[in-house]
Structures are given as C-alpha cells and as structure tokens.
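Protein sequences appear in the order of chains A and B.
Read left to right, the first sequence gives residues 0 to 190 (numbering that gives the first Met the number 0).
Read left to right, the second sequence gives residues 0 to 100 (numbering that gives the first Met the number 0).
Please note: incorrect hints may appear among the correct ones.
Claimed, not checked - Which bits of chain A does chain B cover? Going by a derived footprint, with three or more residues having C-beta under 8 Å, they are:
1) 71 to 82
2) 136 to 150
To be verified - In silico DSBU-like links for lysine-lysine, alpha-carbon gap of 30 Å or less:
3) A/Lys-97 / A/Lys-45
4) B/Lys-96 / B/Lys-50
5) A/Lys-45 / B/Lys-83
6) B/Lys-50 / B/Lys-80
7) B/Lys-83 / A/Lys-151
8) B/Lys-50 / B/Lys-83
9) A/Lys-151 / B/Lys-96
10) B/Lys-96 / B/Lys-83
11) A/Lys-151 / B/Lys-77
12) A/Lys-121 / A/Lys-28
13) B/Lys-96 / B/Lys-80
14) A/Lys-67 / A/Lys-28
No lab work stands behind these hints, which were simulated from the structure alone.
The C-beta atom is built at its ideal place from N, Cα and C for all residues, glycine as well.
Listed here are the chains, written in short residue letters.
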Amino acid sequence: MSETLANDLITPDADAAPLLSQPDVSMLKAAPITRLSLRARETTLKDAGSAFGVELPVQPMTCEIGEKRAALWMGPDEWTLLAPADDLKSTFDSIEGKLEAHPHALVDISERSEAIIVSGEKAVWLLNTGIFIDFSLEAFPVGTITRTIFHKSPVMVWRTGTDTFVVEAWVSFMDYVSGLLVQSARELEAA
Amino acid sequence: MLLVYCPHCDVERAETEFSCRGQAHIARPSDPSQTSDEDWVNYLYVRANTKGVYAERWRHIHGCGRFFNAVRDTVSDKFLKFYKAGESMPDLEALAKEAGK
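Given the sequences, and given the hints that come with them, work out the whole structure.
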C-alpha cells in the first residue's frame with residue numbers, strides 16, 4: 000500500500016481475509032483501535048489537545064494527525080479521537096484528568112463501529128455507488144473527514160490518501176455496507 | 000432531490016443527509032406553568048405553513064449533527080438563505096423581493 004495518513008494507526012486486520020481484492024480496487028477490514036468521542040467547549044480545546052497529544056482541528060471536516068494519534072472534526076463541538084487499541088485507558092485518563100474541572104463529555108466508542116480500508120484507483124467510483132459526494136481531490140482533498148449516508152446506512156468517510164479511504168460504519172451496519180460495496184465492485188469485473 | 004448547504008460544515012450536501020424540523024424561530028414559553036392551555040397548544044402545534052418564503056429549522060443529522068435555519072420558498076422549493084441557529088431571522092420580505100417574487 001502506498002504512503003497514507005495515519006499509517007501507524009489504521010492498519011489492515013492481519014487475521015481477516017480481504018473483503019475484496021480486484022486489480023483496481025480492494026477492501027480490507029481494519030484492525031480494532033481506540034475511538035473516543037469528545038464533546039467540549041472552545042475554551043478547553045487546548046487542554047484537551049495537549050492531553051491527547053494532537054491539537055483538535057477547528058476547521059470543518061479536517062483532521063490533525065500525530066504519532067499514533069488522530070483527531071477528527073465531527074462537528075463544531077464534537078471530535079473523534081483515535082489511538083492504538085492498547086492506549087485506551089491511558090488516553091482516556093489523561094484527557095479526563097485535564098478536563099475534570101470543565102463541562103465536557105468523553106465517551107469510549109471503540110466498539111461501536113468497524114472500519115474498512117477501501118483503496119485503489121476505482122475507490123472513488125466504488126464509494127460513489129452509494130454516496131452522493133464529489134470525491135474529486137479539489138472538493139475532497141486528502142485528510143478530509145465527514146459523516147454521510149451510504150445508501151441507507153450512516154457512515155464516516157475519511158480520505159487518508161489520494162486513492163485510499165477509511166470507511167467506518169456501526170458494527171451492525173457493516174455487513175450491509177461492505178456487502179453492497181462488494182456487490183457493486185462486481186460491475187467492474189464484468190466491464 | 001434538494002441540495003442543502005450546512006453552515007457548520009461549509010458544504011452543500013444532498014437532502015438525504017438532513018432532516019427538516021419545521022418552522023424556525025418559535026420560542027418556548029419562558030414560564031410553562033403560567034402559560035395558558037391555549038398558548039401552549041399554539042406553541043406546540045400551530046404553525047404558519049406559509050405558501051411562499053418560509054424560515055425553517057434543519058438538522059444535518061447525518062453530518063455534523065447540528066441544527067441550523069434555512070429560508071426556503073415553499074412554492075419553488077428554492078433555498079434563499081442558510082444561517083446558524085441562534086442568529087436572528089433575516090428579513091423574509093427582502094429576501095423574497097431579491098429572489099424576484
């Protein structure tokens with residue numbers, strides 16, 4: 000795989016068979032990671048960022064990446080913080096300790112969703128079978144993160160490379176999302 | 000399908016990402032226990048349902064999740080203005096004039 004953002008964080012699950020492997024697009028299940036949902040006020044962002052290890056982005060739909068850390072903008076007062084699976088407790092405790100005196104909500108949502116890595120020159124085409132978003136590099140540059148709808152399931156789409164996307168859906172919706180993507184990809188084979 | 004602009008995300012997205020929550024700028028009575036039944040009914044259920052230029056609450060539910068307001072012409076379905084929740088209501092008549100109604 001070519002160099003992508005958060006290479007040290009979002010890694011393919013070595014035990015899982017590839018969901019799809021075609022010459023122009025592939026889909027791999029991602030290994031579990033720590034996901035924290037943070038709702039906080041503007042005045043506490045600096046503290047939260049220094050406790051987490053990466054600044055929290057304030058620009059809509061962007062991310063900040065550090066060593067084994069990523070902070071994703073979800074809304075004007077909402078972020079998703081990613082860290083390696085083993086760092087759950089230490090990350091959680093350090094942010095919680097720093098924000099103790101301020102109103103905030105920090106919730107462990109690691110188990111809520113699963114991620115797949117969709118990559119290849121046809122990745123954009125494949126995602127566009129179910130998502131109405133312009134994925135050209137001008138409109139959706141590398142690093143852009145957004146929640147949206149894939150057919151009928153809410154998903155999170157994060158462009159980590161020119162041809163690489165991380166697609167996250169709730170665990171119970173993942174079969175639906177990956178299943179539909181695999182089905183749509185058959186069209187490429189047939190063409 | 001409508002294209003809706005989210006002022007929080009600063010993008011235009013398909014209508015399927017949003018949900019419309021009816022008329023905007025309806026203030027909750029400040030003292031519910033002192034509010035008459037009739038006023039409470041008005042607050043809960045009675046809406047202007049204008050034919051023409053109308054200010055509505057929208058929510059980017061499958062995006063940033065935040066509420067914002069939009070001025071929409073209910074006849075042509077064209078949006079005239081988007082603004083964040085909490086900002087004051089724009090002059091609907093002026094907007095209508097601008098749009099050539």
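Verification of the hints:
| no. | hint | result |
| --- | --- | --- |
| 1 | 71 to 82 | holds (count 4) |
| 2 | 136 to 150 | holds (count 4) |
| 3 | A/Lys-97 / A/Lys-45 | 10 Å, holds |
| 4 | B/Lys-96 / B/Lys-50 | 15 Å, holds |
| 5 | A/Lys-45 / B/Lys-83 | 25 Å, holds |
| 6 | B/Lys-50 / B/Lys-80 | 17 Å, holds |
| 7 | B/Lys-83 / A/Lys-151 | 27 Å, holds |
| 8 | B/Lys-50 / B/Lys-83 | 23 Å, holds |
| 9 | A/Lys-151 / B/Lys-96 | 38 Å, violated |
| 10 | B/Lys-96 / B/Lys-83 | 22 Å, holds |
| 11 | A/Lys-151 / B/Lys-77 | 25 Å, holds |
| 12 | A/Lys-121 / A/Lys-28 | 18 Å, holds |
| 13 | B/Lys-96 / B/Lys-80 | 13 Å, holds |
| 14 | A/Lys-67 / A/Lys-28 | 19 Å, holds |
Of the numbered hints listed earlier, the single one contradicted by the structure is hint 9.
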